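In order, the protein sequences belong to chains G and X.
Under the working numbering, the first sequence has 220 at position 220, and the numbering climbs by one with no breaks.
Under the working numbering, the second sequence has 759 at position 510, and the numbering climbs by one with no breaks.
Note that these hints are calculated values from the structure, not bench results.
All values reported here derive from a predicted model rather than from experimental measurement.
Wrong hints could be hidden among the right ones.
What the hints assert, rightly or not - Below, a sample of chain X positions facing chain G; criterion: calculated Cβ distance under 7 Å:
hint, residue
1, G280
2, L302
3, L303
4, V492
5, V501
6, M505
7, I507
8, N508
9, D525
10, L574
11, S575
12, S682
13, V683
14, N685
15, F883
Claimed, not checked - Only pairs whose alpha carbons sit at most 25 Å apart, straight line, appear in this in silico SDA-like list of lysine to any residue:
hint, chain 1, residue 1, chain 2, residue 2
16, X, K604, X, C483
17, G, K76, X, P818
18, X, K281, G, K32
19, X, K510, G, M155
20, X, K307, G, K228
21, X, K279, G, K148
22, G, K26, X, L316
23, G, K148, X, L614
24, X, K603, X, K698
25, G, K131, X, N674
26, G, K221, X, G532
27, G, K76, X, K307
28, X, K482, G, F211
29, X, K510, G, M63
30, G, K26, X, E511
31, X, K510, G, R160
32, X, K331, X, T464
33, G, K131, G, E174
34, G, K76, X, L614
35, X, K641, X, R323
36, G, K148, X, D836
37, G, K228, X, C483
38, X, K698, X, T688
39, G, K148, X, D500
40, X, K736, X, S713
Here a beta-carbon is modelled for each residue, glycine too, at the ideal position from N, C-alpha and C.
Given next are the chains, with one letter for each unit.
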Amino acid sequence: MKPRVAVFDFASCEGCELQLFNLEEKFLDLIKIVDVVSFREGMKEHSDLYDIAVIDGSIMRPMDVERLKIIRKKAKTVVALGACACIGGVNKLRNQWTSENVRREVYGDANLEGNPLFDIFPARAVDEVVKVDYYVPGCPIDRAEFTKVITAVIMGREPRLPSYPVCVECKLRENQCVFELGMFCLGPITRAGCNAICPTHRKGCAGCRGFLEDANMDAFKDVLRKYKIPMDEWLKCFDMFNCKIKREK
Amino acid sequence: MKSMTRGQWFSFTDSLIQDNTRDIIGVQSKGKRFHFALLENAHDLRLDHDVTLLPPKKFLLPTHEELIRFDISRPFEVSSSKPDRAQILIGVHPYDVIAIQQLDAVYQNPPVDDIYAARRKNTLIIASDILTIASRSFAGSLGNHVVTSGYDLLVTDLGDIVVIDEGTSAGRELLKSFGECREALTPEIERVTQLRAELPGRYRHKLKVDKWQWTELLLNNSTHPLWEKNARKCLSCGTCTLVCPTCFCYDVDDVMDINMKEGTRVRTWDSCLLRDFTLIGSGEIFRQAPVDRYRHRFYRKGVYLPQRFGFVACVGCGRCATQCLSDIADPLNVMNTLAASSVETRLDLPIPHKKPHHLQGPIFLPKSATIIRREKMTQTDTFYEIELDSRKPLGHQPGQFVEVSIFGMGEAPISVASAPEPGRNSFDLLVRSVGNVTTHLQSLTVGDKIGIRGPFGNGFDAASLRKRDLMFIAGGCGMAPMRSLVKYVLAHRSEFGEVSLLYGCKDPDSILFNADLNVWKTRTDIVQKFTVDDCPAGASWDGNIGVITDLIPLIDFDPGKTTAIIVGPPVMYRFVIKNLKDRGMPDDNIIVSLERRMKCGVGKCGHCQINGVYVCLEGPVFNYADIKDLPEAF
Ligand code: SF4
Ligand code: SF4
Ligand code: SF4
Numbered sequence: 001m002k003p004r005v006a007v008f009d010f011a012s013c014e015g016c017e018l019q020l021f022n023l024e025e026k027f028l029d030l031i032k033i034v035d036v037v038s039f040r041e042g043m044k045e046h047s048d049l050y051d052i053a054v055i056d057g058s059i060m061r062p063m064d065v066e067r068l069k070i071i072r073k074k075a076k077t078v079v080a081l082g083a084c085a086c087i088g089g090v091n092k093l094r095n096q097w098t099s100e101n102v103r104r105e106v107y108g109d110a111n112l113e114g115n116p117l118f119d120i121f122p123a124r125a126v127d128e129v130v131k132v133d134y135y136v137p138g139c140p141i142d143r144a145e146f147t148k149v150i151t152a153v154i155m156g157r158e159p160r161l162p163s164y165p166v167c168v169e170c171k172l173r174e175n176q177c178v179f180e181l182g183m184f185c186l187g188p189i190t191r192a193g194c195n196a197i198c199p200t201h202r203k204g205c206a207g208c209r210g211f212l213e214d215a216n217m218d219a220f221k222d223v224l225r226k227y228k229i230p231m232d233e234w235l236k237c238f239d240m241f242n243c244k245i246k247r248e249k
Numbered sequence: 250m251k252s253m254t255r256g257q258w259f260s261f262t263d264s265l266i267q268d269n270t271r272d273i274i275g276v277q278s279k280g281k282r283f284h285f286a287l288l289e290n291a292h293d294l295r296l297d298h299d300v301t302l303l304p305p306k307k308f309l310l311p312t313h314e315e316l317i318r319f320d321i322s323r324p325f326e327v328s329s330s331k332p333d334r335a336q337i338l339i340g341v342h343p344y345d346v347i348a349i350q351q352l353d354a355v356y357q358n359p360p361v362d363d364i365y366a367a368r369r370k371n372t373l374i375i376a377s378d379i380l381t382i383a384s385r386s387f388a389g390s391l392g393n394h395v396v397t398s399g400y401d402l403l404v405t406d407l408g409d410i411v412v413i414d415e416g417t418s419a420g421r422e423l424l425k426s427f428g429e430c431r432e433a434l435t436p437e438i439e440r441v442t443q444l445r446a447e448l449p450g451r452y453r454h455k456l457k458v459d460k461w462q463w464t465e466l467l468l469n470n471s472t473h474p475l476w477e478k479n480a481r482k483c484l485s486c487g488t489c490t491l492v493c494p495t496c497f498c499y500d501v502d503d504v505m506d507i508n509m510k511e512g513t514r515v516r517t518w519d520s521c522l523l524r525d526f527t528l529i530g531s532g533e534i535f536r537q538a539p540v541d542r543y544r545h546r547f548y549r550k551g552v553y554l555p556q557r558f559g560f561v562a563c564v565g566c567g568r569c570a571t572q573c574l575s576d577i578a579d580p581l582n583v584m585n586t587l588a589a590s591s592v593e594t595r596l597d598l599p600i601p602h603k604k605p606h607h608l609q610g611p612i613f614l615p616k617s618a619t620i621i622r623r624e625k626m627t628q629t630d631t632f633y634e635i636e637l638d639s640r641k642p643l644g645h646q647p648g649q650f651v652e653v654s655i656f657g658m659g660e661a662p663i664s665v666a667s668a669p670e671p672g673r674n675s676f677d678l679l680v681r682s683v684g685n686v687t688t689h690l691q692s693l694t695v696g697d698k699i700g701i702r703g704p705f706g707n708g709f710d711a712a713s714l715r716k717r718d719l720m721f722i723a724g725g726c727g728m729a730p731m732r733s734l735v736k737y738v739l740a741h742r743s744e745f746g747e748v749s750l751l752y753g754c755k756d757p758d759s760i761l762f763n764a765d766l767n768v769w770k771t772r773t774d775i776v777q778k779f780t781v782d783d784c785p786a787g788a789s790w791d792g793n794i795g796v797i798t799d800l801i802p803l804i805d806f807d808p809g810k811t812t813a814i815i816v817g818p819p820v821m822y823r824f825v826i827k828n829l830k831d832r833g834m835p836d837d838n839i840i841v842s843l844e845r846r847m848k849c850g851v852g853k854c855g856h857c858q859i860n861g862v863y864v865c866l867e868g869p870v871f872n873y874a875d876i877k878d879l880p881e882a883f
């Protein structure tokens, strides 16, 4: 029997799900090897019987936690899809403010008391709530990496994400380093796997795949100083996808 | 020497492009820099470039390259990758020509990489003299600003005139087929000579130490503070090796097509500066500290490759210096700093001399083999008896290993657990489930097909053990390669003196090869002692509880007459060896078999290196005396 796949969305722009459709004819190949049983963005049907749950988006509310825990219980394998699910991504930017302030900023004085849709806590990545088996990071995800991960999961092979920085792929594509062009790039501390798409298009890496756990931050900051990158620009870039600030309600 | 006008040179290049039998690759601008790329227009070719971002190596050893293609929907279907089109590389600077000669030496050294060799044979090189010197290059100090061989044609762009030296008959043919060139005139040749003679003086960066002194300098300075100081700035980004024309290590991985039927085994450039370069299935990383990786790169260039091939593996192109963001990768700076320091502790890192390998044919194409017996031995270990479908014996020596392929999963190096026996075609493997391949193997059963490459490496030298007393010391699944030797020795028992086997495991349930051990127990000509780290309550166990070194005092041995053979997990060696040495055993009487990440098995991919030693070529079996001084060995 083909493995049954269900795709679920939480707080995200759903761009990563769109990337699945962008697989185009490969998507047709994909549905030959799996049964997609639930995918709100792409189909009306829904089934609660699935083997692989693909989770898009960050976890923001108590009601999300409940839903996610049920999904985890039903799925054999949970795959986090995209930056929001894998590391919290841009959603974590709002953790710099209290939930109270965030609500007021967006909805003004509207009375939202008691409405569970607006009962938020600081944004979390999926693995801060349930166990995640495999990750497909990125904003948006890299389609080739998604197929690599999904084929590996189906074969029963552990898909390994690169443990080296984006610079590796950037070199293999023979790019001129964007630092030489006067730009700022998070490539040296960010996990590869995107095939250095941003530097290849002459844009610094924004770190959407998350920082490497053993990144040499001190050495990287020296590089930023060497290239005279203004400090406020660093901080903005560091926080964009990898905001570490945590503030409770 | 020949010459032609600039106009004729364009027509010549153009004629090459028009002739559709070959890909014409030339230097072209890429933003403010240069790269080698497919040439579509003769006018895009630049001969005034300083240096290209990546070396022309990428057309001989592509960044990503298919080694084999397979179809997992069939029992065993695999084929070699198709050969590429012929190609001509135009604009290769002298230092890059020299780097290609080094690649040739490495990849065409037995066992020959047939894929590289085929591509190389199909490649012509039109080199060009350096007109613009790259800002960080120091090729002049190495004598690599000019070349006298290694090219088919060498062009010198004198502006109005292009002078061409014919390096090979293939080059001469190429020129002849174009027709429009004449003998170079003496003044033209003089201009070329002068251009070359003036080059060294034009380099801003000069090496203060001759390249042939690099080896000494590095061996004398392994603990120089520069290593730590620079490594603190290292981003472990691999750039310094990826842009280097003389670096050649690669990784191999299986990639499935989305139809889940076909797939390819792909090799990709890898870098010893990346943390997981030395990672093995069980999770061990042998070059864990950034400083060890940072230093390794320089030792490779200045010690290991010179020892093995007789060349310094840096041609002074300056790519690493320009592209390392922290600017710590430049060999010129490192060597000049070391040159200024006094001698510290002296290291010797010799490469043990071993039998060369004579593998023939496609080295990456696995042979089809069938599982003919399978037996689960412990929770994590399974025993397999394998037969090649050719029905030929594997032809191995005790202690050698094979690469086991499961298409779509990859390859894993596995020691052969049986001795070669007359009349027996099959061989035994013991597989512990630690990675993708080994875990998947557990699900295979009798009749299933696997791929086999090998046997690889240097095994136990049985002849040198003759007449000696033998003490086998095995830990965990080290018992698998050990079994191949024990079986051999027992089959030729009269040729050896006293024989003992010490075997340690985690707990009684993890003991491997119980059937063999029980048979051997009935023999009076082999003493066996066992220990376990831990014995859960209720388990029946009459051996020792404790570490393997507890067993050594139980054996009455003469350290001079005895050879100890040790195979076990990496942590075991240091303790056992110390214990034996305390008992007076000379280094020369200790034999070890070491585990590393033997990815290619043929001495190319670089993952299994212990300092300059390739475990897959010189090992996995070593005489302790040969490698005891290698800091990375134990
Ligand atoms: S552009 Fe970014 S990713 Fe590429 S080499 Fe430079 S720092 Fe690394
Ligand atoms: S290029 Fe520089 S920072 Fe990157 S791995 Fe090499 S030495 Fe380290
Ligand atoms: S080590 Fe650096 S200078 Fe030497 S050949 Fe490699 S890239 Fe060029």
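Results for each hint:
{"no.": "1", "hint": "G280", "verdict": "holds, 5 Å"}
{"no.": "2", "hint": "L302", "verdict": "holds, 5 Å"}
{"no.": "3", "hint": "L303", "verdict": "holds, 5 Å"}
{"no.": "4", "hint": "V492", "verdict": "holds, 6 Å"}
{"no.": "5", "hint": "V501", "verdict": "violated, 13 Å"}
{"no.": "6", "hint": "M505", "verdict": "holds, 4 Å"}
{"no.": "7", "hint": "I507", "verdict": "holds, 4 Å"}
{"no.": "8", "hint": "N508", "verdict": "holds, 6 Å"}
{"no.": "9", "hint": "D525", "verdict": "holds, 5 Å"}
{"no.": "10", "hint": "L574", "verdict": "holds, 5 Å"}
{"no.": "11", "hint": "S575", "verdict": "holds, 6 Å"}
{"no.": "12", "hint": "S682", "verdict": "violated, 12 Å"}
{"no.": "13", "hint": "V683", "verdict": "violated, 11 Å"}
{"no.": "14", "hint": "N685", "verdict": "holds, 5 Å"}
{"no.": "15", "hint": "F883", "verdict": "violated, 25 Å"}
{"no.": "16", "hint": "X/K604 <-> X/C483", "verdict": "violated, 38 Å"}
{"no.": "17", "hint": "G/K76 <-> X/P818", "verdict": "violated, 34 Å"}
{"no.": "18", "hint": "X/K281 <-> G/K32", "verdict": "violated, 46 Å"}
{"no.": "19", "hint": "X/K510 <-> G/M155", "verdict": "holds, 11 Å"}
{"no.": "20", "hint": "X/K307 <-> G/K228", "verdict": "violated, 33 Å"}
{"no.": "21", "hint": "X/K279 <-> G/K148", "verdict": "violated, 31 Å"}
{"no.": "22", "hint": "G/K26 <-> X/L316", "verdict": "holds, 24 Å"}
{"no.": "23", "hint": "G/K148 <-> X/L614", "verdict": "holds, 23 Å"}
{"no.": "24", "hint": "X/K603 <-> X/K698", "verdict": "violated, 33 Å"}
{"no.": "25", "hint": "G/K131 <-> X/N674", "verdict": "violated, 48 Å"}
{"no.": "26", "hint": "G/K221 <-> X/G532", "verdict": "violated, 30 Å"}
{"no.": "27", "hint": "G/K76 <-> X/K307", "verdict": "violated, 42 Å"}
{"no.": "28", "hint": "X/K482 <-> G/F211", "verdict": "holds, 17 Å"}
{"no.": "29", "hint": "X/K510 <-> G/M63", "verdict": "violated, 41 Å"}
{"no.": "30", "hint": "G/K26 <-> X/E511", "verdict": "holds, 14 Å"}
{"no.": "31", "hint": "X/K510 <-> G/R160", "verdict": "holds, 21 Å"}
{"no.": "32", "hint": "X/K331 <-> X/T464", "verdict": "violated, 40 Å"}
{"no.": "33", "hint": "G/K131 <-> G/E174", "verdict": "violated, 38 Å"}
{"no.": "34", "hint": "G/K76 <-> X/L614", "verdict": "violated, 36 Å"}
{"no.": "35", "hint": "X/K641 <-> X/R323", "verdict": "holds, 23 Å"}
{"no.": "36", "hint": "G/K148 <-> X/D836", "verdict": "violated, 49 Å"}
{"no.": "37", "hint": "G/K228 <-> X/C483", "verdict": "holds, 19 Å"}
{"no.": "38", "hint": "X/K698 <-> X/T688", "verdict": "holds, 15 Å"}
{"no.": "39", "hint": "G/K148 <-> X/D500", "verdict": "holds, 17 Å"}
{"no.": "40", "hint": "X/K736 <-> X/S713", "verdict": "holds, 16 Å"}
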